[in-house]
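Residue numbers (the working numbering), protein chains in the order written: chain A, 1 to 554; chain B, 555 to 875; chain C, 876 to 1190.
In case anyone wonders, no lab produced these hints; they're calculated from the structure.
Glycine included, C-beta positions come from ideal geometry on N, C-alpha and C.
Possibly wrong hints are sitting among the right ones.
Said to hold, decoys possible - Facing chain C, from chain B, some residues (calculated, C-beta under 7 angstroms):
1) V718
2) A721
3) L726
4) L731
5) F817
6) A841
7) T847
8) L849
9) A855
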Amino acid sequence: MTEQLNPSTSRPLLEVRGLCSEYLTAAGSIPALRGADLNISAGEKVALVGESGSGKSTLSHALIGLLPENARLTDGTIRYGGEDITRWSDRQFRSLRGARIGLIPQDPTVSLNPVRTIGHQVMEAIRAHRRMSKAAARQQAQQLLDQAGIDRPAVRLRQYPHQLSGGMRQRVLIAIAIAGDPDLLIADEPTSALDATVQRRILDHLDDLAAARGTAVLLVTHDLGVAADRADRILVMSGGQIVESGTAAEVLASPQDAYTRQLVASAPGLTEPAWAPAPLPEEPEVLLRAEGLCRSFTLPARRGEPRQSVRAVDGVSFSLARGETLALVGESGSGKSTTAKLALGLEKPDAGTLLFDGQDITALRRGEWRQLRRRAQLIYQNPYASLDPRFSIEQIITEPLDAFAVGTTAQRRDTAAHLLDRVALPSHALGRKPVELSGGQRQRVAIARALALAPDLVVCDEPVSALDVSVQAQVLELLAELQRDQGLTYLFITHDLAVVRHLAHRVAVMRAGRIVEEGPTAALFEHPQHSYTQELLGAISGRQAPLHIAEVTA
Amino acid sequence: MTQIAAPSALKPELPGTDPSEPRPEPATLQTVPGRPDRGGRERSPAQGQAGRTRRWLRRPGLLLSALFLLLVLTAAFAPGVLAPGDPYTGDSSQALQPPGTAHWFGTDHLGRDLYTRVVHGTSLSLRTALIAVVIALISGGIFGVAAGFLGGWIDQAIMRVVDVLLAIPSLLLSLALISALGFGSTNVAIAVALGSVATFARIARSQSLRVCQSTFVEASRSLGSRWHTTLRRHVLPNAAGPILALAVLEFGMAILAVSALSFLGYGAPRPAPEWGSLVSEGRNYMAAAGWLTTLPGLVIAATVLSINRLAHALGGERRRF
Amino acid sequence: MTRYIVLRVLLAAGVLWAAYTVTFAILYIIPGDPVSAMLAGGLDNGAVSAERLEELRDAYGFNDPLPLQYASHLWAAVQGDLGTSVQTGQPVSTAVGQVLLPTVELSAAALVIALVLGGGIALVATYTHSAWLREALLGIPPVAVSLPTFWIGLLLIQWFSFQWGIFPAMGDDGIRSLVLPALTLGLPISALVAQVLAKSLQEAALDPYVTTTRAKGISRLQVHLGHVLRNATLPSLTMVGLIAGNLLAGSVIVETVFSRPGLGQLTVQAVTLQDLPVVQGVVLFGAVVFIAANLIVDLLLPLADPRVTVGRSYA
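Given the sequences, and given the hints that come with them, work out the whole structure.
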């Protein structure tokens, strides 16, 4: 390796040219990167945006030589600080990792070694490149944790990862990444596993840290909104290539590539969709009314402590008119999913009453509940888990018909074909297995199944959060269309305010088992009353985007 | 017995419903990293068939195992086809002949052809092992599925019994039952079954529990399906795969256990040519006629090895879907 | 912490009691008439008079109602009295105690072989970059668990004793006679160790924290030994009881093959002669070994895994 002593300032810190890679699998080699180009100058903040499978993770891991065993680079060059590092050995890469490029990994809950103390893991990062005594390293680790925004760092050093919250663990990982004082930080979806409000605080902190140290940041994300808020420059990746590159304003305002246009159009925080929620009926008729619902869960007993219980739902009341969509919004642990289960009788409330179409259903017996299932159905969050992998699509859709012995076999088949048509899937999909469908297609199948018995109420439990952004918009549009055509009533559970903005008529914000604010969607978005709602709204990505582009693309 | 505290212990929401967790793509899609997943890949059945055939050809070990097992099955059902001779009578002038063209496996101290004895012993050894596995599979399966599906105190009660059975080394458990029941193939089969019934119960429970906790079973219940429909259509079919793969694996282990017990002399009385007792008989002539122990042992090892290969292939194939 | 220990010990005692009950049910309820069973297996004099049978039944308490028999047996067992051998008239605890030492020696030697061999295979196979070496190493354990233990022993005798004359074929004198039996007993268990450890090492190596650690610039070997192995041993610890049980069960076969005195040989004699009290003693001893091994693991686990006892304290 020839030393290039050319401190030319115009030369970028990182320079990737025509990088190609492939994965070797049992089925042959599959290309992942197809000629990716990337430049990052010192101190610059660049966002790499792409959906799952776009190759963005492959690219970011290639930069520090941490590709999986079955992956290899086939073409192209990576230059870092003027050196060609494309063919470096693992030993050479070790001098780079940590010291010159830091990595902030994706999921903080699993990215720390569970059986080592925080102190051990931070000190290991410090001592990897510098000889220093344990005491000195401990001293520095404490400072790093402090810089990463962790309170009582001296205590944290002695704790284990499972004793810290997810957000705190992500801060520890940031401390580890900056321990070697690198010139470049690769942040691989650093906050997508965290709640929106936590996510925002951590990204803010990361911004400040990078700015103060003059560190360049490569922010890898699936969320165009986050990218627009945080980066100087956005690179959009699709099919292993960079399809679009420019400043945040350029990319959002006038996307050149067709894929980018689709991505911009479907980003929930950024644009107005072309459709609107179904109009409400003139004289609303109450379909579901909940009054003072309570539900506690007993926590598994832990040694040396008395059994504790948590009030997951604590006095929740709401009413839902026929043909209306009510969104229950809250972060994890707010009790929104439990509320959905209570509404469907999958859980029994400890207190409170439920009225469905005027009938008190709180104390129904099992058999009576079963009859009610014909009128209230559920769409699950994860379409990969909610469909039996052994069933064909036809069997999945006709299962509710079988359960209530509706029609003959031939009639059921017809109904299934018709429903498949309603959710815009080709009828030949009837004979397929779920594994052959994409995530969005599976969720359409789940919707078709929920509609099979022509229910009045459909409870949607985060129906799009497992899907890619561009697919999310399509599924939401389908839900709105079905509501318009069939007068469906939705109880829509989500953690993402942006998702329900254009679908829900009313929004109820939940926190710690209670509804803290409820109101018509537009009013709630424009004049949030409760401080928590304001915080949630502020955390929607894309809000800090350089220009409001709704007018541009609408 | 050892339990690590569940990391989700503090979450008030039910397991698996935490919406803030991003759902990773399932393994089936992740096997092809970097491939964009839009529009749904379509795989025609014909392609799958050809692929399966190619996969078999690419694994010569598996093919060899299958062929050998075919030979073993022939020996079990029609020993006369492979070895027309009489396994019980020998020519004492031909005693202790080394393996050769006349006697492939050599002869024993009475001049009996060892190859013929091994072939004719197959059905006895295999049948004992098969009975053992079937007993263990059925009883363990019923208890395990009941524990997993019903849960509550029934689950607790069944699993405590299983814990106790697992606490006694299975060979010792078998030996205890043999000393109570007496010797013979049937008793050996029952004894071996007792030794592995707990394993079956455990895996049947964990599998049915896994399926019962899956979202699609909850979805089925929330659609209004009755519990027995859910059990029949979702739980049993999805739990059966791993249980059957275990049954194949346990069949191999049962052959080992049966041969060990008959080696110790608790199987069918002599001169029945059970595999284990053939090795045991040969022990007395080890210095002069090593083949008498080596070759029957080799047949046992090859059979068990082939079965294990097949069981792992079955398990692997299932995991693919 | 004290609560944890007390709970584990009580649990272990409960399992032991249940194991006693199981052996009692198998040995004294299933046969119908245990005395005839014992005599049938014993000395080949078929002419035991009816009076003698009745005497024996009385002596062993088999004429009492079952619950009473169970209660008195259990009470005696709690006090350390597992009855007397039908064949020798020796107390069972004495019979077991006398032959314990050679079996412990054998098991200890086999355990060392199993851990070194199995652990080595697993570590090298999961560390190496060479796909060829990995496949080759990981191919060994499945073969090894398919081999009948008695056959391995006989093969070793044939080669090392009869052909090359390096080690004695049988008996129990000194370390030289321990080598072949320990190998025979240790090989299948090393395969078990290798399989379980390699699997958890492979799984642990895929955990995201490994990427975090490597991104710090730590060498692969350091990550493998300092982080991956530490996490991988935790799930492997659950097989400690299984290994202990396998060592004991394997000694039954190995001691027969090598004609070594020990617990295994005692077991075979007892089963052959249907000496039910001795059989029960040996089976119970097996359960005690298994339960004690698991108890030790449970008590040591909090030291290895902070998640077990250290509470969660979000702040």
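Hint by hint, here is what the structure shows:
no. : hint : verdict
1   : V718 : holds (4 angstroms)
2   : A721 : holds (5 angstroms)
3   : L726 : holds (4 angstroms)
4   : L731 : holds (6 angstroms)
5   : F817 : holds (5 angstroms)
6   : A841 : holds (5 angstroms)
7   : T847 : holds (5 angstroms)
8   : L849 : violated (10 angstroms)
9   : A855 : holds (5 angstroms)
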